[in-house]
Each structure stands twice: as C-alpha cells, then as structure tokens.
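Protein chains: 2
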Amino acid sequence: MPASDLTPSSTAQQVAIDLGDRSYPIVIGPSLLGDAATYAALPRSASALVVTNSTVAPLYARALRATLEARHAAVHTVILPDGEEHKGWQTLNLIFDALLQHGCDRKTVLYALGGGVVGDMTGFAAASYMRGVPFVQVPTTLLAQVDSSVGGKTAINHPLGKNMIGAFYQPLLVVCDLDTLKTLPARELSAGLAEIIKYGPIADMAFLDWIEANLEALLAREPAALAHAVRRSCEIKAAVVGQDEREAGLRAILNFGHTFGHAIESGLGYGEWLHGEAVGCGMVMAAQLSQRLGLVDSAFVQRLTSLIGRAGLPTVAPRLGAERYLALMRVDKKAEAGEIKFVVIEQPGRAAVRGAPDALVREVIDACCA
Amino acid sequence: MPASDLTPSSTAQQVAIDLGDRSYPIVIGPSLLGDAATYAALPRSASALVVTNSTVAPLYARALRATLEARHAAVHTVILPDGEEHKGWQTLNLIFDALLQHGCDRKTVLYALGGGVVGDMTGFAAASYMRGVPFVQVPTTLLAQVDSSVGGKTAINHPLGKNMIGAFYQPLLVVCDLDTLKTLPARELSAGLAEIIKYGPIADMAFLDWIEANLEALLAREPAALAHAVRRSCEIKAAVVGQDEREAGLRAILNFGHTFGHAIESGLGYGEWLHGEAVGCGMVMAAQLSQRLGLVDSAFVQRLTSLIGRAGLPTVAPRLGAERYLALMRVDKKAEAGEIKFVVIEQPGRAAVRGAPDALVREVIDACCA
Chain A
1 MPASDLTPSS TAQQVAIDLG DRSYPIVIGP SLLGDAATYA ALPRSASALV
51 VTNSTVAPLY ARALRATLEA RHAAVHTVIL PDGEEHKGWQ TLNLIFDALL
101 QHGCDRKTVL YALGGGVVGD MTGFAAASYM RGVPFVQVPT TLLAQVDSSV
151 GGKTAINHPL GKNMIGAFYQ PLLVVCDLDT LKTLPARELS AGLAEIIKYG
201 PIADMAFLDW IEANLEALLA REPAALAHAV RRSCEIKAAV VGQDEREAGL
251 RAILNFGHTF GHAIESGLGY GEWLHGEAVG CGMVMAAQLS QRLGLVDSAF
301 VQRLTSLIGR AGLPTVAPRL GAERYLALMR VDKKAEAGEI KFVVIEQPGR
351 AAVRGAPDAL VREVIDACCA
Chain B
1 MPASDLTPSS TAQQVAIDLG DRSYPIVIGP SLLGDAATYA ALPRSASALV
51 VTNSTVAPLY ARALRATLEA RHAAVHTVIL PDGEEHKGWQ TLNLIFDALL
101 QHGCDRKTVL YALGGGVVGD MTGFAAASYM RGVPFVQVPT TLLAQVDSSV
151 GGKTAINHPL GKNMIGAFYQ PLLVVCDLDT LKTLPARELS AGLAEIIKYG
201 PIADMAFLDW IEANLEALLA REPAALAHAV RRSCEIKAAV VGQDEREAGL
251 RAILNFGHTF GHAIESGLGY GEWLHGEAVG CGMVMAAQLS QRLGLVDSAF
301 VQRLTSLIGR AGLPTVAPRL GAERYLALMR VDKKAEAGEI KFVVIEQPGR
351 AAVRGAPDAL VREVIDACCA
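Those sequence lines, one after another, are chains A and B.
Heads up: the first sequence runs through residues 1 to 370, numbered per the UniProt record's numbering.
Heads up: the second sequence runs through residues 1 to 370, numbered per the UniProt record's numbering.
A couple of the hints might just be wrong.
With a straight-line Cα cutoff of 27 Å, these simulated BS3-like cross-link-like pairs (lysine-lysine) come out [unchecked claim]:
no.	chain 1	residue 1	chain 2	residue 2
1	B	Lys-107	A	Lys-334
2	A	Lys-107	B	Lys-341
3	B	Lys-182	A	Lys-341
Calculated directly from the structure, the hints in this document are not laboratory data.
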C-alpha cells in the first residue's frame, strides 16, 4: 500500500477557502483530530495552546494534545466553562491569562477544540494576542463544522448584543472530524441542522431537496449523510466568504434567520435556547416576513417550517413582545441609523438584505408567537 | 484671497501614510481640531463617538464636538479615567457600553481625543466593535502626535505585560493640532521628546543634530520647532510603517528603548513612570547594550544619554533587580521561545533587532541602576 493511503487524505475531503494570502483548507472526514498527518502542513512553533471547554475536554483533549506534542515542545491547555452565557470578556481573559502565564509568543499556535463558542472566543483571542497569532479550528459540533468555524468571523457577546465585539481573522486550517459528532447531544445535532438547512433557501434549493430526503439519515448520524451535509455546507459558505470576506454585501445572506434569532437569544438570556435553535425559529420568522413582503408564497414557508420542525427545532417564537423584539433587533450589526435590516428570501434559492415596515415585522412576530 | 487659502491647508502640513487601500494623511498645524475643513474628506455618517479622558475633556471636547455636530446628526462622548493604569479591559468596556447604549452602528466614526492611552484604546475599540468601524486620531500630547497615533498599533495592557492585547488597525485620519501642546504638563512634553529623540539613532543622525541644536526651543514650545519635530518624526515613522505595517521585521526598530522601557513600566506598576520616561531611560540602557556588543562607542552613548537628560527624562533606571528585568522582558512581544530580542544601534542612524547574552544584559542593568 503506498504511503499516501495511510494519510487522512485517503478518506478525508477538502474544501478550500480562497482568500489570497489568507487562504486555508477545511478538511472533513473521520479520525482526523488525533492524526499527525492532519497538521503536517502547519508551521512549526515551540508552543501551542489548546482552548477547549469543560464538556469537550474529557472527550477529545487528550487525543489532540498527544498528537500536537509531536509538533510543539510545549502544549498547554485552558478549559473554559461551557455555554453561550460564558462568551464574554471574563472568559476571554482566561485565554490571555494562560497565554501570558505560559510565556507564549507571537508564533504560538492556538487550537480551538469545541463548538461555536470556543471557536469564536479562541479566534478573537488569536486575533488580539500580541496583535495576532496563528490559530486552528477543530470544531466538535455540527453547527461549528458547517458554519461558525469557517470564514474567520470571531467575536464575544456584550450584554446589549450578540457578537458585538470581535474581528475578522482567518484560521490556518479547519479540521472537521466527523467522529466527534458521535458524542454530540441530540439537541446540539438539531441546532447544527438549522445552519445546514439555511444554505438551501439562500443558495441551493437542490441541497434543500437533498436535506428533506436525507433528514432521517442525518438525525441517525449516518456517516455518509453527515459527510455530504458538512461538505456541501462548507462549499457554499466558502463560495460566499471568498467573494466577500468582510461582509461588505453578499456575505450578510449567511445571516438568514439570525436577525430574529439573535433577538431571541438575547431576549431570553444567552444559553436559554441554543444558537441553532434560535436560528431555526428565526428562519421561520424571516420566511414569513419574506411572504408578507410578497417575495415567496405560503407553500415555501410551509415547506421550510415543516423541515425545521422535523429537524427537532422550535418553530414557535418565545413571547418577548413585539416592541422588545424590535428594540433588540435595532442593535443588530446589519442595522443602519436605527433601521433594522433583514435577510429575506427573494425567491427560493436566493436571498437579499433589506428593510421592512415595522408594522409588517410586528405582524410576523404576532403570527410566530401564536 | 482664493478660497483655498481659508482652509487649514494654508498653514497645515501633511504627511502621507502609504498603505494601499488603508492609506491616510497626518495633518499637522495650529487650529486644526475645531476647524470643519480638517474633517472635510471623511465619510459622512449619522453618528460619532468622541472618546477622551477626564483631563483632556474640559480642554478640547467642546470644540471638537461643536465641529463634528455639523457632520453627524448625533455626537456622543465617553470620558475615560486618565492614566496608563486604566489601559485595560474595564476601561475599554466603557467605550463598548457607550457605543451600544447609543445604538451606534457599523458606520459610526470614533474620534480619539487625547494621548497615547486614549488613542490605543479607542483604536482597539474601533477595530473590535462590530468587527471594525472607522476611527480618527486627534492626539493632544506630543508623544501621541509623533508616535502612538500614527501607524495603526492599538492595544490594551494585561497585568502580565504591556500592549499584549490589541490589533493592527489604521485610522482614517490623524489630526496633530499643535495648539493642544500649549496645555501639556512639562513632564508630558519631556515624555514626547523621548520618542522624537528615538528617531535620530535609529534612522536619521541629521535629525539628532537638529534636536540637539533646538532642544531649548522645543522645551520652550516654540511653534516652528514643534512643527518641524512633529513633521520629521511622522515622516520617519510613515516610511517605516509603509514598508512593514504588521511588524514582520523592520518596524520593530521603532521599539528602540522599549524592551527595557516596558519592563520599567510594568515593574514599577503602570502609571508610576510615564511611557516616554521609561523609553528615555530604556534608550540609555539599549545604547549601553549596543556598546557592550561592540556596535557603538562610548562617545555615542554619552551623547545620547546627555540629550535624554537635557530633555528632562530619567537616565538612571529603577532598581528592580536584574532577574526581575529579565523576567519582565521575556514576555515582550519581540521575544521568541523565551529569548529576549533587543533593538540595538548597529551604527549611529541604523538599528537592528537581535538577542544578547543574559550576562551582558545583567551588566547593563547593573550599570544603569547605579
């Protein structure tokens, strides 16, 4: 057997993020995390810091550390508390404390081992420590593998708004080890499906057809189905990010469902609903808004709502009150001079960013909270 | 009189920072801060946030606000506590709190009105708020006008190291209003002179000659002398930054005196010595190290030490103990795998970054603390 058959490339797939000198690969497959070959192309450095959380550390930190110890003379670990409610300054500072206590320098590589919260915080820490050190994403949740680990958006939350403080900062590599999805709680699997479903209405209705036909296989965690869903999601995201890294325009369509979703997360208190759950429900609301704007028909809204429900996600919004929703959405990053911008579906498979009359938004909120 | 003679350009000088699509001008002259023409080329936006401190606000905030109110429908202000010891997370969060409480969006322009601490924190807040909003530097200290406001280095301190958390993020414009130097305390004027003197040994010995000949005029705040010193300093910094924005190599020479200086600041506790004072003394130490490395002669060290003393800066280092100095310098951002890197003078007018034997560094510390 030739040596190349022993490397992950024999089973792993790659999706390239094309951003000039900030380009990097996403590798997708089983058994990647603990395989030295996965990291072979990374620059060498004396030290590394693995950033993970209290849930993921007992499952995967040892395997990752063991592999990295062959590359770095010193491999340190910092374990953050788990949960969106910890995605703030205080937790971020635990990363900086560890970097400085261990004497980490400008070449130290940070490895984000965990879900979206770990990835977003590690990425922002890497962007900011000594004004920028290299980092690698090792996402262990479906949501992080198909969305948050890809594209270089990093951030922490502020009490007044989600992801308000952060940086565009690209990793050197994203490692989507599909084996890590075996230990994922069912609720988190569903949350990841929300972001997968999202790619259909905004970019690829054939992918939506495929998801509808394969939802049972995805919920049963069949490896081939998960591999296809992760790869296709990353391909779509890579194409969008490659055209608009810093969200000057097009990239905003990836926030379909997120304007309403962020309001739900912030309004209920971070951690009450998972991010993917809020996005699932937010897509129902954004689809309803698209319909009320005369862009799509009720059959489309029904179809999307039904799929979101089948994926185990909420389709009825929490009763925060219309005025509270509007106030929360006015601090969304897409808002301009107080006007809320929504990602709407112009026609199935194509999204756009636009404003909407408050009265229409109130109707949507009333209808979705019923 | 043609209209153009009424604009600040008739008395102001400009230095360009050439960084492709991140290029911007430094305007230098009297009466700039409160002149609408100064800001005429900036993009319009609905809102602005002036970030200043409790010392500068009573002096200049009203004039700046009055001018900005013609450009922005809403001009908000946040007043930070004054001093290097406040350059941390807690103070930075006051800026984010203000931005969110006032509903500031991605187009909101931040104006940093103050010295290096205000500029560094406002710049990092601008880099991070919603992953990046525009900002303008309006430096009101000599040190900020000749160094910290130019070149896009932004940061906050960590208890274990200075400027450890930050971003490379360029302003849209730097406004050096020389009138603001009239109210500067003498100690701060001297601190600014440290960074001006720095440009001589690293880049331009003719400028060092000029400073020696004009030091009394600078200490007497003669406008023509200050204008020349600020302009020439900005020219040298612009040339260096234009070649190496993110400090891959050359830019590190701007840190002459800063490796020892940061150790002094951190070792004494931030705010005990001014940054410029620590840099002044740090240059004496770095010059001594250069001599012990056989690069320059004692006459050069004497000449530089004498000028630094004449400028009202300390030339004798605080007695922290050699081991404490070494420990503090090992977390300097230029250090690699625990090896401290120093900016040394290779020959008068030319600097380089290199390591040095610990024994030699201990000799320098002993000699300079005597």
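| task | Just pull the numbers of the violated hints for me, sorted ascending. | result | 3
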